[in-house]
Amino acid sequence: MSKRAKVIICTIGGALLITVIGFTYALLWTGSTKEIVGVADSFHIPADWKKVSEQVEPPRLVCIGDLVCPSLIRKYQAYATISSKELISEILPTNVTKVNYDVCGQGPVPAQARKMYMDCAADFILSNGYKGTSYAYRSYDKNSDEVEVSVSIRRQL
Amino acid sequence: MSVASRLTAMLSVLSVILAGILFLPNNAGATSCKDVTLIFARGSGASLNVDENQQWERAFRRQLGQTKAAFYELGSQSIDGYQYPAVNVSDLLNGNAIGAKVTGGAGNDYGKSVMQGVQELVAYIRQTNQACPNMKYILGGYSQGAQVMSQGVQYLAPQNRDRILFLATFGDPKLRLPEGDGLFYVPACDGKNFSPWRRVVDNCRTNNGSLGGWNPYVPDDMRNKTWTWCYARDFVCGADLNFTDNSGHGRYSGPGMAIDDAANEATKRLNDYLKSVEPTVEMPPVPAAAPKPNDVALVIDTTGSMGRQIEATKALATDIANRVIAAGGRIALTEYRDFTDDIKAEVRCGLTKDAATFAAAVNALSVDGGGDDPEGLLHALMTTYNTLQWQQGASKAAIVITDDTYHNPDLIDGSTMGDVVKRSLEIDPVNTYVITNQRVANSYQDLANGTAGKVIINDGSVSAAIMDALHQVLTRPTAQLPLTGYEGPVGTEFKFDASMSSIQDSTIISYEWDFNGDGTFDRTTTSPVVYHTYPDKFDGNMQVRVIAANGSSSSASATVKVGQTTQLIRLSPAQGLTVSAQSAHEVTVSWRAPIDSAATKWIVMFNGVRLGYAAASQTRVTITDVDRTIPTEYGVMAADDEGRVSDWAMVTLPSDAPAAGGAGATSEGAAPNRNITQPNSPTMAMTVPAITSSAPSGSDKPIDGPRSEPVTAPRAEQSPSSMPVGALVAGGMAALLVSTLWYWRRMNKR
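Protein chains in written order, with our numbering: chain G, 45 to 201; chain E, 7 to 756.
Treat the hints loosely; a few may be bogus.
Simulated restraints, written as ranges between beta carbons of each label pair [as the list claims (entries may be wrong)]:
| hint | chain 1 | residue 1 | chain 2 | residue 2 | range |
| --- | --- | --- | --- | --- | --- |
| 1 | G | 81 | E | 370 | 39 to 49 angstroms |
| 2 | G | 81 | E | 533 | 56 to 66 angstroms |
| 3 | E | 271 | G | 64 | 41 to 51 angstroms |
| 4 | E | 160 | G | 69 | 36 to 46 angstroms |
Result set (DSS-like, lysine-lysine): computed pairs, CA atoms no more than 30 angstroms apart in a straight line [claimed, not checked]:
| hint | chain 1 | residue 1 | chain 2 | residue 2 |
| --- | --- | --- | --- | --- |
| 5 | E | 567 | G | 129 |
| 6 | G | 129 | E | 428 |
| 7 | G | 94 | G | 186 |
What the hints contain is simulated information worked out from the structure, not anything from laboratory work.
Where a beta carbon is used, it is the ideal one built from N, C-alpha and C, also for glycine.
Produce the complete structure using the sequences and hints provided.
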């Protein structure tokens with residue numbers, strides 16, 4: 045094989061290799077979750093609230109799943125006598141630019157389907173390019189002050 | 007599996023366990039059968055009860071009214087050993103995405119996950135069917151969950167499918183739309199042969215989801231009960247072939263988007279069904295009685311003549327608060343004077359369990375003003391009722407301390423006695439106790455009666471009167487009704503059941519019923535249950551006053567809607583929808599608002615894509631850059647801030663034939679064409695400058711609502727997020743091409 049042919053093969057092979065490596069890197073690359081976790085941390089969650097779950101989806105160059113990249117969902121368990129709307133309004137961070145409350149204080153659906161019912165929802169936009177939704181669930185037991193609050197954050201599309 | 011993946015899996019399992027604990031569904035026994043169960047299946051990798059499922063529940067919560075409904079999310083418990091895990095496909099290293107693609111969604115961990123969901127669905131419906139043979143189902147699923155649902159209905163027996171009122175799928179990877187088939191001619195792009203399940207599919211060429219479509223998509227008996235949504239830039243359901251741009255896949259749960267749309271339609275079908283089979287109103291099972299906490303508001307007249315009484319109240323402040331708090335309650339303070347004073351009515355202390363806070367607020371009171379004899383009590387009560395954060399389920403009372411009468415109607419806000427009583431009942435109710443002197447006591451009887459409170463005479467010792475009132479408030483019976491609202495058609499015999507009411511250290515001897523909330527008790531019974539039929543339409547409150555042997559009493563109230571259609575409300579649609587071509591690629595859409603329009607905005611649609619909102623006052627928009635070489639479809643839908651919508655008003659504008667040019671059309675039929683030239687560029691891009699991007703009243707625009715900015719074509723452009731991959735591929739291909747050309751030229755030179 046001549047030197048020229050070797051050069052050609054190497055050039056083509058190199059280009060293909062770069063393409064494959066680049067493509068694979070792009071598919072598998074995930075970014076840091078530090079920023080979105082920081083956004084979640086900026087919520088004013090009282091110290092006595094118990095975080096019961098957290099799901100964080102990192103930024104990706106190729107976001108092929110059902111989870112928005114990046115996104116974060118936290119759930120808290122707490123006890124409070126104030127209204128769910130008031131509760132949510134108190135935990136929202138200071139950089140909230142817009143909030144829409146929904147279904148707040150409608151009371152439970154007539155038949156008890158679960159231990160907790162959705163009592164309030166709030167869609168919010170933050171000034172740093174994130175948006176999200178917070179839900180408050182109340183107990184069907186009228187004597188219980190238990191409330192479950194979820195905070196879902198994602199980058200604005 | 008990477009550490010991150012394991013951690014995610016562990017968190018998912020933890021959330022499943024916790025959610026299982028928190029959201030255990032009731033055993034669907036015969037006594038707790040619902041009208042409908044709403045079953046939802048989440049997308050890949052999602053935790054239980056997040057995002058799409060929450061939006062699903064929220065959308066139905068707005069509209070369910072008194073419908074007895076249960077929510078069930080697949081995966082929230084194991085049924086016959088089946089529990090839907092919704093495996094993650096975001097992490098390519100776990101192989102689920104590739105496995106799903108290679109096997110068409112049938113194999114690998116992904117396929118197993120889907121089958122777990124299918125079998126859980128089948129088992130759940132089979133079990134609940136046995137316990138509740140009349141219950142119906144509404145199904146919804148997102149992405150992998152949509153596949154579970156579209157696959158699951160194929161596994162259900164026909165008699166069980168018959169119980170399904172509605173199936174909604176969002177971004178289904180197994181979507182099948184035959185009208186999207188075709189290389190050169192695609193029927194859907196010509197507006198033809200639409201499948202009955204096609205709701206919003208932004209790309210007319212969509213025919214199969216990314217995992218290959220079911221054929222047929224759903225069994226024949228589900229064709230007209232299924233709606234599907236597939237937004238632009240959703241690779242999963244096949245709206246976009248570029249798998250690196252999947253940004254449309256996360257848009258179904260936004261306010262006003264697909265899930266809300268599905269809930270509107272499903273609720274309409276549910277209500278139609280319930281109307282056809284349910285002429286009477288059934289009450290849910292009565293739970294065991296439980297003592298209720300007390301919310302008590304002290305409402306004090308601080309005009310000039312009240313000095314001595316206020317000093318006495320200050321001396322008792324801590325004691326009053328401690329008594330209420332010890333009984334599991336909270337206490338608040340409102341100060342009021344009259345319309346001529348600077349202080350008219352101010353809540354000085356919100357409902358609190360802190361005795362010191364309350365006492366400090368009382369001790370800060372001083373007297374002044376008053377002017378004429380009557381004071382502004384009605385305004386003070388309205389302020390108190392509306393400002394305090396009353397605890398749901400608590401017994402509520404206001405204790406008024408005054409030495410004079412009140413303006414009726416009030417001179418500050420115009421409130422009347424009737425308004426105050428009505429508002430009291432709406433809050434379930436706030437029983438109002440008035441401590442006053444003998445001289446004016448009679449003027450407060452109507453207030454006390456209307457709110458099931460009492461007038462307590464201050465015969466010289468305000469301290470004794472306060473303690474008397476407090477004793478009555480804290481030892482009164484607990485009146486309870488099982489529902490906070492009743493609803494039914496005219497002629498319905500309502501069952502009002504106060505048997506949950508209770509009292510400690512005494513017995514309940516009678517029940518007084520006020521069926522129309524006017525403060526007059528229409529019937530007295532010794533039985534806690536009465537039946538009442540409203541002869542005409544009615545929209546108001548009812549109350550029951552429970553009388554105990556020790557002379558104390560309390561009441562409970564509920565809203566009653568007879569012959570109303572609040573559950574079924576569909577706004578009046580736009581009228582006279584007209585589309586006219588202004589130029590070769592500019593179209594004006596205009597319509598009229600119906601006289602009874604309650605719309606706060608108009609949603610404008612073009613070729614199945616919601617373009618955005620127009621303000622309620624706006625009845626005309628212009629859409630530019632329209633490709634008029636094909637027929638185009640326009641729609642306008644009324645919407646309000648409560649999420650209610652109208653039916654679409656639709657009109658199709660025929661394609662612009664070269665010889666004929668422009669055209670006009672109305673919702674009643676197409677108008678003759680006008681001479682208009684063809685657009686030079688067959689672009690699909692369009693802008694909607696006439697549609698405002700902000701809400702008419704400042705807060706109407708949902709924050710993730712339909713697009714209101716200039717809109718790009720349904721055939722999506724490449725998004726910024728896909729550029730790195732595209733650039734890499736393009737670069738590699740270019741290098742390959744250059745190398746090949748160079749080699750070919752060198753060989754030819756030889």
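| task | Tell me, in ascending order, the numbers of any earlier hints that this structure violates. | result | none
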